[in-house]
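So the protein sequences, as listed, match chains A and B.
Here our numbering is used: the first residue of the first sequence is 1, the next is one more, and so on.
Here our numbering is used: the first residue of the second sequence is 1, the next is one more, and so on.
If you're looking for bench data, these hints aren't it; they were derived computationally from the structure.
On a predicted model such as this, the values are computed, not experimentally measured, just so you know.
Using N, Cα and C, we set each Cβ at its ideal position, and we do this for glycine too.
It cannot be assumed that every hint is accurate.
Said to hold, decoys possible - Label pairs and their in silico Cβ distance ranges:
#1 A/A2 to B/R156: 53 to 61 Å
#2 B/R156 to A/G19: 24 to 32 Å
#3 B/M24 to A/G19: 55 to 63 Å
#4 A/A12 to B/L93: 31 to 39 Å
#5 B/I56 to A/K5: 37 to 45 Å
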Amino acid sequence: MAKGKVRNRIKALRTGEHGMTQSQLAEAVGATRQTIIAIEQEKYAPSLELAFRIANAFGVPFEQVFSFEP
Amino acid sequence: MSRSEIRALGSFIIAGIVLWFIQMRFLDGWQVVDVPAGHMLSTYVIAIIIMILGEIVVTTGAAIGETMLNGAAAANADFEDERDQMIERRAELISHWFLVAVVNVLVLQLILQGAFTGSPFAPLDIISTSGVVFTLLALLFAAHIVKMAAKLVLYRV
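Could you build all of it, start to finish, from the sequences and the hints given here?
Below is the structure:
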């Protein structure tokens, strides 16, 4: 089975209405800044728990942040 | 560079120094020199001390280095998260397969050494006590180097 890709809008949400830095988001979700960078660049797909934490940090539903490209 | 990356780089360099020290104490060219037990024990103890002191210096240095590179906020950031743990697991797996591969090569080497004494296919004498001690110590630190190298690569891809 071909491997899909997890897409996200973290950078747009973070820099847009929320005006957060990567460090601030990292601190809010309990991750390192390097992990946030890797997720934003779609080099790393976060666990379900971390993905929900990120969505909660933005105060939006999960599906507004993440999508799956089969 | 995160604190984990700085630690991995530091640990990689220290293990490299220790491996170089071990080969200096045991090898003459590609031949393992027969050395007395006291020499082997001192090499072992010094190697362990260098590694422990080195790790302490690297851990402390990494915390200071990350704060200097990434600002004061880095000091409060979570030290290790799920990605760090995933990279640690993958690096351990790579190191494990390296050990498996090297042990298989050593087994073949010993068989060749037993079958064809002095053969060019079995150039390294690892049957003597010095040979066994050198091989085990070198393997121990080489596996650590492979693990740290794997971590450094995995953090970048």
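Results of checking the hints against the structure:
1. A/A2 to B/R156: 53 to 61 Å: Given about 25 Å between the Cβ atoms, the range is violated.
2. B/R156 to A/G19: 24 to 32 Å: holds, 29 Å
3. B/M24 to A/G19: 55 to 63 Å: Because 56 Å falls inside the window, the suggested range holds.
4. A/A12 to B/L93: 31 to 39 Å: Cβ of A/A12 to Cβ of B/L93: about 35 Å, so the range 31 to 39 Å holds.
5. B/I56 to A/K5: 37 to 45 Å: holds, 42 Å
Taken one by one, the earlier hints fail for this structure only at number 1.
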